[in-house]
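Novice: Given next are the chains, with one letter for each unit.
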Amino acid sequence: MSSGTSAPRTVRRVDWRAVAAGLAAPVLALVIAILVTSLVLVVASDPVGKVWETLLLVDATDAQRSRAVVNMLNSATTYYFAALAVAVGFRMNLFNIGVEGQYRLAAFCAAYIGAAVSLPAPLHVALIVVVAMAVGAMWAGVAALLKATRGVSEVISTIMLNSIATALVAFLLRKAAGDQGSSLNLSTDQLPASGRVPGIELGFLDTPIRVYGLVVLAAVAGLLYWLLLERTRFGFDLRATGMSESAAVASGVNVKKMVVAAMLISGAVAGLVGIPALVGEDPYAYTLTFQSGLGFTGIAIALLGRNSPIGIAIGALLWAYLDVAANRLQIQAGVSNEIVTIMQGTIVLSVVVAYELVRRYRVVSEQRRVAAAEPLAAGGGPVGGGGPSGGTGTAQGVPA
Amino acid sequence: MRRGIRAAAVLAAAALALAGCGSDDEESPAASPSNGASKPPAAVELKIGMAYDVGGRGDQSFNDAAAAGLDKAKAELGAESQEVEAVTGEAESAREERLTQLAEGGYNPVIAVGFVYATSLAKVAPQFPDTHFAIIDSTDATGDNIANLVFAEEEGSFLVGAAAALKSKSGNVGFVGGVNTPLINKFEAGFKAGAEAAKPGIKVQSQYLTQPPDFSGFGDPAKGKTAAQGMFDAGADIVYQAAGGSGGGVFEAAKAAGGKAIGVDSDQALTADASVRDVILTSMLKKVDVAVYDFLQTVAQDQFKAGTVSFDLEQGGVDYSTTGGQVDDIKAQLDDYKQQIIDGSITVPTTVS
Numbered sequence: 000m001s002s003g004t005s006a007p008r009t010v011r012r013v014d015w016r017a018v019a020a021g022l023a024a025p026v027l028a029l030v031i032a033i034l035v036t037s038l039v040l041v042v043a044s045d046p047v048g049k050v051w052e053t054l055l056l057v058d059a060t061d062a063q064r065s066r067a068v069v070n071m072l073n074s075a076t077t078y079y080f081a082a083l084a085v086a087v088g089f090r091m092n093l094f095n096i097g098v099e100g101q102y103r104l105a106a107f108c109a110a111y112i113g114a115a116v117s118l119p120a121p122l123h124v125a126l127i128v129v130v131a132m133a134v135g136a137m138w139a140g141v142a143a144l145l146k147a148t149r150g151v152s153e154v155i156s157t158i159m160l161n162s163i164a165t166a167l168v169a170f171l172l173r174k175a176a177g178d179q180g181s182s183l184n185l186s187t188d189q190l191p192a193s194g195r196v197p198g199i200e201l202g203f204l205d206t207p208i209r210v211y212g213l214v215v216l217a218a219v220a221g222l223l224y225w226l227l228l229e230r231t232r233f234g235f236d237l238r239a240t241g242m243s244e245s246a247a248v249a250s251g252v253n254v255k256k257m258v259v260a261a262m263l264i265s266g267a268v269a270g271l272v273g274i275p276a277l278v279g280e281d282p283y284a285y286t287l288t289f290q291s292g293l294g295f296t297g298i299a300i301a302l303l304g305r306n307s308p309i310g311i312a313i314g315a316l317l318w319a320y321l322d323v324a325a326n327r328l329q330i331q332a333g334v335s336n337e338i339v340t341i342m343q344g345t346i347v348l349s350v351v352v353a354y355e356l357v358r359r360y361r362v363v364s365e366q367r368r369v370a371a372a373e374p375l376a377a378g379g380g381p382v383g384g385g386g387p388s389g390g391t392g393t394a395q396g397v398p399a
Numbered sequence: 000m001r002r003g004i005r006a007a008a009v010l011a012a013a014a015l016a017l018a019g020c021g022s023d024d025e026e027s028p029a030a031s032p033s034n035g036a037s038k039p040p041a042a043v044e045l046k047i048g049m050a051y052d053v054g055g056r057g058d059q060s061f062n063d064a065a066a067a068g069l070d071k072a073k074a075e076l077g078a079e080s081q082e083v084e085a086v087t088g089e090a091e092s093a094r095e096e097r098l099t100q101l102a103e104g105g106y107n108p109v110i111a112v113g114f115v116y117a118t119s120l121a122k123v124a125p126q127f128p129d130t131h132f133a134i135i136d137s138t139d140a141t142g143d144n145i146a147n148l149v150f151a152e153e154e155g156s157f158l159v160g161a162a163a164a165l166k167s168k169s170g171n172v173g174f175v176g177g178v179n180t181p182l183i184n185k186f187e188a189g190f191k192a193g194a195e196a197a198k199p200g201i202k203v204q205s206q207y208l209t210q211p212p213d214f215s216g217f218g219d220p221a222k223g224k225t226a227a228q229g230m231f232d233a234g235a236d237i238v239y240q241a242a243g244g245s246g247g248g249v250f251e252a253a254k255a256a257g258g259k260a261i262g263v264d265s266d267q268a269l270t271a272d273a274s275v276r277d278v279i280l281t282s283m284l285k286k287v288d289v290a291v292y293d294f295l296q297t298v299a300q301d302q303f304k305a306g307t308v309s310f311d312l313e314q315g316g317v318d319y320s321t322t323g324g325q326v327d328d329i330k331a332q333l334d335d336y337k338q339q340i341i342d343g344s345i346t347v348p349t350t351v352s
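First to last, the sequence lines map onto chains V and C.
Each residue of the first sequence is one higher than the one before, counting from 0 in numbering that gives the first Met the number 0.
Each residue of the second sequence is one higher than the one before, counting from 0 in numbering that gives the first Met the number 0.
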């Protein structure tokens, strides 16, 4: 730990080797992903060139490109919250698989309460956001309490809580929907106008679809995440606990308290996942067709973004970009929409593999360099030289 | 070091995105230029766009029925088509984009298969006033260019409910629903009403395989088998399934328990796995294929009519099947109920009280 934090002050000059190594991993990941996807396309005898062309919007009209951009930004906003929620847990070695249940329960409760009250616009939206965060935190809190008091693994408890949330929301939605007449959908009441957030119009785009107003909230959440984790005592404790629980305990961190706090924050962020769509898009209600599965998407994107707020943003945009291409790929390139799932999966795997390969390469090359520079101290050199970079690499990487 | 790694991660991710754009140049010249949508239109009248629900063509259920209607129309009317399917749990914008791309690509008519498209269709249809749209199973989206094709599933289910009650020796029948949604509730409500009408006081067990938004209950034969087994163990001798692809498991359970099962949507005594066809007493026919074909025909004849088209018993849109001859002995009674429903002397509920 100590060598890791003090190191930046000594290595201040631009280390081109480090930059090259930093770029190597994502470039390698992308090359692997493109190769594997192309291979899958060839094996399935799909038109490889046409697929990439469609994916990159080569022949698209302005309207199509504009819609793709707006839809990508909107999906990415949703994914960003999901991935941040997961990442908070990851930084502390907590695996919050329950984002899925947390956000659906939160979105339902926020939709229900939001439709039931009447407030001036900013307060109304604030209430919806607060309710969503509170419900998300509460649902995650169940798992946190079970872990802190009874030592129940949060992996097990959150998976089970997901099932319970599904049943609970289905039950409550039916109650809330009441008699829907001939409609085969179930829906909460629509949010009144004061509970909606108007979309942002991007002037240079040619589409009636607007960017979710809450994209701003996503940016704020990302900033807060960074400040909290990197610039506060709490964040330091949280990361320390994630890296070594015993070391954290030895330095006076109350691990149980940290578990509860991290889970509550994770749950509160998870509660926001469904809100941009809820307040920003027709039908302004929680319905049977409300987007599901975002909790799991969040896990993949947190891995892709390596738990960094900017990495996650880029991961979310990439993921959304591919998702938005699914319809185009079917209609224009004539390939199954499963190809998108294959690409996304391949990218996550490639990123994990590429970072590990590059990390190993760096450790080895550092050891060689140190050994070459200090031939007499070859025995002790590798430990001193390779230790910190290897150690931080693992700590920052994929949690177990 | 820590800061260095963070910077590297940021650069890395940025490079990832940039590289994504970069490969544009490598790929585009290699591919042959094309005009986006599809092949140049031959001398055909219709260019049909089909937006399926999750599962798409090949789901052995709802989507396949719609696809059958499309195939028939293509064979008889000579049409070209573009079929697109939904992704599980997708965002509203994905459905909207799908319908937009079909309409924009010149497909007319465009058929939205399933109530999930209602919200997006209501948004997209006004943007393409010259395109004819149809939506199956929903009256939520209405407009001058939208036809709503809806079914009276409860009426058909009433008849197979009566058949189950008349054929049951134990006075105990079962209903297995795929996913607990209002659509499948209509099947259950009709089945229960029919069973009760034919044999007052009969016991009807009822179970749904999953709760929304978990729609796996429409595609998991193992779940169907377990649920039906439980019902047979609890004394049922006939089980009705409205569970899409999970229905195969219900038939297997019936076979193993020496009981009977009732199929759904298509005549499953003809379409189910050959080994279980003999346990299928009858099937509740929901003729989505007929609805799709009829709709396409009206469009081909330039007689599109907006608004609700109801496919009920009177119209022949729902019915019971007689393949296998297992309900021949009670056919008179069933046809009597059918007539009473058509007359209006029996009103079948659409929700379970």
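No wet-lab data here; the hints were simulated from the structure.
Remember, it's a predicted structure, so these values are computed and weren't measured experimentally.
Any given hint might turn out to be false.
[Said to hold, decoys possible] Output of the computed footprint for chain C on chain V, the stretches with three or more beta carbons under 8 Å from beta carbons of chain C:
id: 1; segment: 69-76
id: 2; segment: 128-136
id: 3; segment: 245-257
[To be verified] Far from chain C, by Cβ distances over 12 Å, these chain V residues were calculated:
id: 4; residue: Ala114
id: 5; residue: Leu118
id: 6; residue: Pro119
id: 7; residue: Thr148
id: 8; residue: Arg149
id: 9; residue: Gly150
id: 10; residue: Asp178
id: 11; residue: Leu183
id: 12; residue: Leu204
id: 13; residue: Gly212
id: 14; residue: Ala218
id: 15; residue: Ala284
id: 16; residue: Phe295
id: 17; residue: Gly344
id: 18; residue: Arg368
id: 19; residue: Val369
All C-beta atoms in this analysis are idealised placements derived from N, C-alpha and C, irrespective of residue type, glycine included.
Novice: Next step is simple, just say for each hint if it's right about the structure.
Specialist: Going through the hints against the structure:
no. : hint    : verdict
1   : 69-76   : holds (count 3)
2   : 128-136 : violated (count 0)
3   : 245-257 : violated (count 0)
4   : Ala114  : holds, 16 Å
5   : Leu118  : holds, 25 Å
6   : Pro119  : holds, 27 Å
7   : Thr148  : holds, 29 Å
8   : Arg149  : holds, 28 Å
9   : Gly150  : holds, 29 Å
10  : Asp178  : violated, 8 Å
11  : Leu183  : violated, 4 Å
12  : Leu204  : holds, 15 Å
13  : Gly212  : holds, 15 Å
14  : Ala218  : holds, 15 Å
15  : Ala284  : violated, 9 Å
16  : Phe295  : violated, 10 Å
17  : Gly344  : holds, 14 Å
18  : Arg368  : holds, 15 Å
19  : Val369  : holds, 15 Å
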